[in-house]
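Peer 1: Each chain, letter by letter, is given below.
Protein chains: 2
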Amino acid sequence: MFDAPNTKIKNIDIAIVGFGNVGRSLAKLIVYKRQVLEDKFNLRINVKAIFDSKGAVVKEEGFSNYELLKLTEIPRSKISEFENGLRGASLKEIYDKIKPNIHVELTPSNYIDGEPSTSNILTALNLDCNVVTATKSPLVLHYDEIFSLTKKKGLKVKFRGTVMGGTPFIDLLMSLKSYEIIKVEGILNATTNFILSTMYEKLISYEQALAEAKAIGVAEADPSIDIKGIDAAAKLIIIGRLLGKRISLDKVERDDISKLTLNDIINSIKENRVIKYIATIDESSASVKLRSLEKSDPLANINGTTNAVRIVTDSGDLFFVGKGGGGMETAHSVLDDIISIGVSS
Amino acid sequence: MFDAPNTKIKNIDIAIVGFGNVGRSLAKLIVYKRQVLEDKFNLRINVKAIFDSKGAVVKEEGFSNYELLKLTEIPRSKISEFENGLRGASLKEIYDKIKPNIHVELTPSNYIDGEPSTSNILTALNLDCNVVTATKSPLVLHYDEIFSLTKKKGLKVKFRGTVMGGTPFIDLLMSLKSYEIIKVEGILNATTNFILSTMYEKLISYEQALAEAKAIGVAEADPSIDIKGIDAAAKLIIIGRLLGKRISLDKVERDDISKLTLNDIINSIKENRVIKYIATIDESSASVKLRSLEKSDPLANINGTTNAVRIVTDSGDLFFVGKGGGGMETAHSVLDDIISIGVSS
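So the protein sequences, as listed, match chains A and B.
Terminal number for the first sequence in my numbering: 355, no gaps in between.
Terminal number for the second sequence in my numbering: 355, no gaps in between.
Rather than coming from a laboratory, the hints here were simulated on the basis of the structure.
Take the hints with a grain of salt, since some may be wrong.
Straight-line alpha carbon distances no greater than 27 Å define the calculated BS3-like cross-link-like pairs of lysine-lysine that follow [what the hints assert, rightly or not]:
id	chain 1	residue 1	chain 2	residue 2
1	A	Lys64	A	Lys109
2	B	Lys162	A	Lys20
3	A	Lys305	B	Lys212
4	A	Lys18	B	Lys163
5	A	Lys18	B	Lys166
6	B	Lys161	A	Lys18
7	B	Lys18	A	Lys162
8	B	Lys20	A	Lys163
9	B	Lys161	A	Lys166
10	B	Lys50	A	Lys163
11	B	Lys166	A	Lys50
12	A	Lys43	B	Lys193
13	B	Lys38	A	Lys193
14	A	Lys255	B	Lys50
15	B	Lys20	A	Lys161
16	A	Lys20	B	Lys161
17	A	Lys163	A	Lys107
18	A	Lys193	B	Lys50
19	A	Lys255	B	Lys43
20	A	Lys161	B	Lys50
21	A	Lys193	B	Lys43
22	A	Lys261	B	Lys50
23	B	Lys255	A	Lys18
24	A	Lys166	B	Lys20
25	A	Lys305	A	Lys212
26	A	Lys162	B	Lys20
27	B	Lys166	A	Lys20
28	B	Lys255	A	Lys50
29	A	Lys255	B	Lys20
30	B	Lys193	A	Lys50
31	A	Lys166	B	Lys18
32	A	Lys43	B	Lys255
33	B	Lys166	A	Lys161
34	A	Lys305	B	Lys305
35	A	Lys18	B	Lys162
36	A	Lys20	B	Lys163
37	A	Lys162	B	Lys50
38	B	Lys161	A	Lys50
39	B	Lys20	B	Lys109
Keep in mind it's a predicted model, so treat the numbers as computed, not measured.
Can you make the complete structure from the sequences, with help from the hints?
Peer 2: Listed below in structure tokens is the structure:
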């Protein structure tokens with residue numbers, strides 16, 4: 011109520027769907043950056059609804075900073091128990107009421123059928139709502155359907171959080187308009203790179219390194235999406251789409267890194283080489299493979315949860331390094347997508 | 011005349027001002043990429059005029075591929091001797107006739123008064139023409155004037171070619187919307203990095219390394235802009251503008267790399283360190299300094315004409331490596347800027 015009237019401020023109303031690690035980081039980031047965004051972009055981001063797997067909370071005038079911070083402290087899947095919470099609320103009913111400008115999809119990826127994220131995104135688009143997604147599976151499994159609806163509706167779907175989530179890699183790749191992209195290769199999965207780096211650093215087995223990764227929250231309880239290369243393959247498929255290539259998940263050749271032994275690591279050290287889990291897409295193929303690199307290869311020196319990618323173009327190579335994920339990092343990319351839509355809408 | 015009528019194709023008429031290395035590369039690149047740009051972006055880029063320091067050639071219907079390639083073979087400053095060439099032609103007179111959508115400024119940087127590029131750009135803007143510039147000095151010396159006119163006219167000025175010219179670094183930095191940029195530091199000048207790398211590789215003196223750089227065209231006959239750090243400082247000033255900082259050239263602390271001796275190099279090798287010429291901008295200062303780096307620093311491993319930059323943000327570091335310049339590389343950035351304006355206009 012101390013706000014001076016400022017007619018230049020544009021309100022961007024959003025709904026956050028999926029309220030785990032990234033969703034909560036996004037809520038905190040919006041609180042933390044609110045003033046900066048108003049000053050720098052004349053945007054006021056109002057969170058009008060938040061959904062988790064069990065229900066939703068809705069506030070038509072938008073949650074206050076204090077409410078957003080309180081919401082981030084509620085246990086997982088309990089958001090509907092907050093004041094004015096709704097159990098089993100439908101996206102359509104709520105969106106009809108709050109009419110958000112941007113639907114923010116942050117539910118977990120599901121590579122079996124792409125749900126619930128695909129239906130959420132299609133529902134939002136049908137209700138004339140732009141979309142920002144950090145969830146990969148809808149793009150991997152239903153890209154054509156989503157983007158033909160997006161185009162038909164004249165809306166925007168942004169997804170910077172899906173690949174190298176803590177960086178603007180997607181924007182970087184899309185900005186190379188006149189370049190021919192010959193190959194993109196890199197370390198695209200933070201969990202497996204952490205496991206590999208830890209095996210080298212401590213000379214421990216795969217199982218021990220995985221246990222360490224789980225202990226500090228870098229690996230999930232069921233890490234199979236990461237260690238089987240599915241996560242990296244999904245990212246390659248999204249990269250492929252940006253390059254005009256249509257690849258399905260089963261066409262990406264994948265190594266399982268759990269087959270790697272401490273002996274393999276020791277042998278590579280003796281040969282002055284480093285084994286890395288490299289995702290590659292080029293003209294004819296896509297793969298996620300254990301590769302033995304020379305120590306001088308920049309990719310050989312990327313450790314921990316850091317990601318890196320080499321873009322080979324007809325006008326030289328680009329090499330790009332940054333955080334591959336993490337709640338706050340991915341939330342930053344999601345927020346940047348929200349701002350992009352906000353300033354251009 | 012074999013073109014099928016395609017109503018979706020948008021014509022983008024450009025004038026190239028400055029026809030040295032980058033200008034000629036741009037002409038070749040437009041010929042080489044013409045079909046791709048039509049297929050991918052529905053854009054047809056017509057070069058309607060080319061200016062050099064002595065005159066211009068103009069063709070209202072746009073130069074054919076064959077004519078563009080022939081023009082790239084004409085000796086420097088002789089373009090007005092081509093058929094229909096005009097000696098001492100004025101930008102305004104020609105633009106009144108050809109009404110280009112985009113003025114492409116590729117004249118050399120001039121840090122004394124910013125001319126002729128500043129006047130060229132202001133003239134173009136006043137004639138309602140968007141601008142793409144790879145020339146740094148107008149942005150370094152007359153940023154406010156250029157951008158207030160740009161805003162008033164509702165036009166666009168793009169300048170990806172000015173920093174890390176062979177890469178989309180400028181776009182990358184601008185895409186970090188919600189990040190606080192704490193520091194940007196890197197190797198931003200190709201000539202001096204080549205000289206330094208050559209001193210290490212061949213254990214030769216600064217003078218010998220400079221001679222090698224001149225011999226292969228990496229250093230100009232008068233390399234003072236590079237070796238005094240003026241080029242890198244200019245790039246820092248442009249980066250600073252993107253970060254909302256206003257710095258003047260004389261406020262950038264600069265080392266002169268010609269003071270570096272072979273002894274300095276040898277001593278650093280003994281200490282297992284590497285001397286690099288690092289441009290840095292942070293909250294309070296900007297500098298271009300010789301710095302002794304640990305060998306493990308990624309910047310220590312960037313050699314030859316490659317550039318690299320570390321962006322320190324409140325959400326982790328990004329590290330970006332690519333070609334820092336070169337005719338064809340910079341022309342690629344210029345072409346991408348032209349496409350950006352083309353697709354959004």
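Peer 1: Each of the hints needs a verdict: does it hold here or not?
Peer 2: Status of each hint after checking the structure:
| no. | hint | verdict |
| --- | --- | --- |
| 1 | A:Lys64 / A:Lys109 | 21 Å, holds |
| 2 | B:Lys162 / A:Lys20 | 21 Å, holds |
| 3 | A:Lys305 / B:Lys212 | 22 Å, holds |
| 4 | A:Lys18 / B:Lys163 | 19 Å, holds |
| 5 | A:Lys18 / B:Lys166 | 21 Å, holds |
| 6 | B:Lys161 / A:Lys18 | 16 Å, holds |
| 7 | B:Lys18 / A:Lys162 | 17 Å, holds |
| 8 | B:Lys20 / A:Lys163 | 22 Å, holds |
| 9 | B:Lys161 / A:Lys166 | 25 Å, holds |
| 10 | B:Lys50 / A:Lys163 | 21 Å, holds |
| 11 | B:Lys166 / A:Lys50 | 19 Å, holds |
| 12 | A:Lys43 / B:Lys193 | 19 Å, holds |
| 13 | B:Lys38 / A:Lys193 | 24 Å, holds |
| 14 | A:Lys255 / B:Lys50 | 13 Å, holds |
| 15 | B:Lys20 / A:Lys161 | 19 Å, holds |
| 16 | A:Lys20 / B:Lys161 | 19 Å, holds |
| 17 | A:Lys163 / A:Lys107 | 20 Å, holds |
| 18 | A:Lys193 / B:Lys50 | 19 Å, holds |
| 19 | A:Lys255 / B:Lys43 | 19 Å, holds |
| 20 | A:Lys161 / B:Lys50 | 16 Å, holds |
| 21 | A:Lys193 / B:Lys43 | 19 Å, holds |
| 22 | A:Lys261 / B:Lys50 | 25 Å, holds |
| 23 | B:Lys255 / A:Lys18 | 23 Å, holds |
| 24 | A:Lys166 / B:Lys20 | 22 Å, holds |
| 25 | A:Lys305 / A:Lys212 | 18 Å, holds |
| 26 | A:Lys162 / B:Lys20 | 21 Å, holds |
| 27 | B:Lys166 / A:Lys20 | 22 Å, holds |
| 28 | B:Lys255 / A:Lys50 | 13 Å, holds |
| 29 | A:Lys255 / B:Lys20 | 25 Å, holds |
| 30 | B:Lys193 / A:Lys50 | 19 Å, holds |
| 31 | A:Lys166 / B:Lys18 | 21 Å, holds |
| 32 | A:Lys43 / B:Lys255 | 19 Å, holds |
| 33 | B:Lys166 / A:Lys161 | 25 Å, holds |
| 34 | A:Lys305 / B:Lys305 | 14 Å, holds |
| 35 | A:Lys18 / B:Lys162 | 17 Å, holds |
| 36 | A:Lys20 / B:Lys163 | 22 Å, holds |
| 37 | A:Lys162 / B:Lys50 | 19 Å, holds |
| 38 | B:Lys161 / A:Lys50 | 16 Å, holds |
| 39 | B:Lys20 / B:Lys109 | 15 Å, holds |
Of the numbered hints stated above, none is contradicted by the structure.
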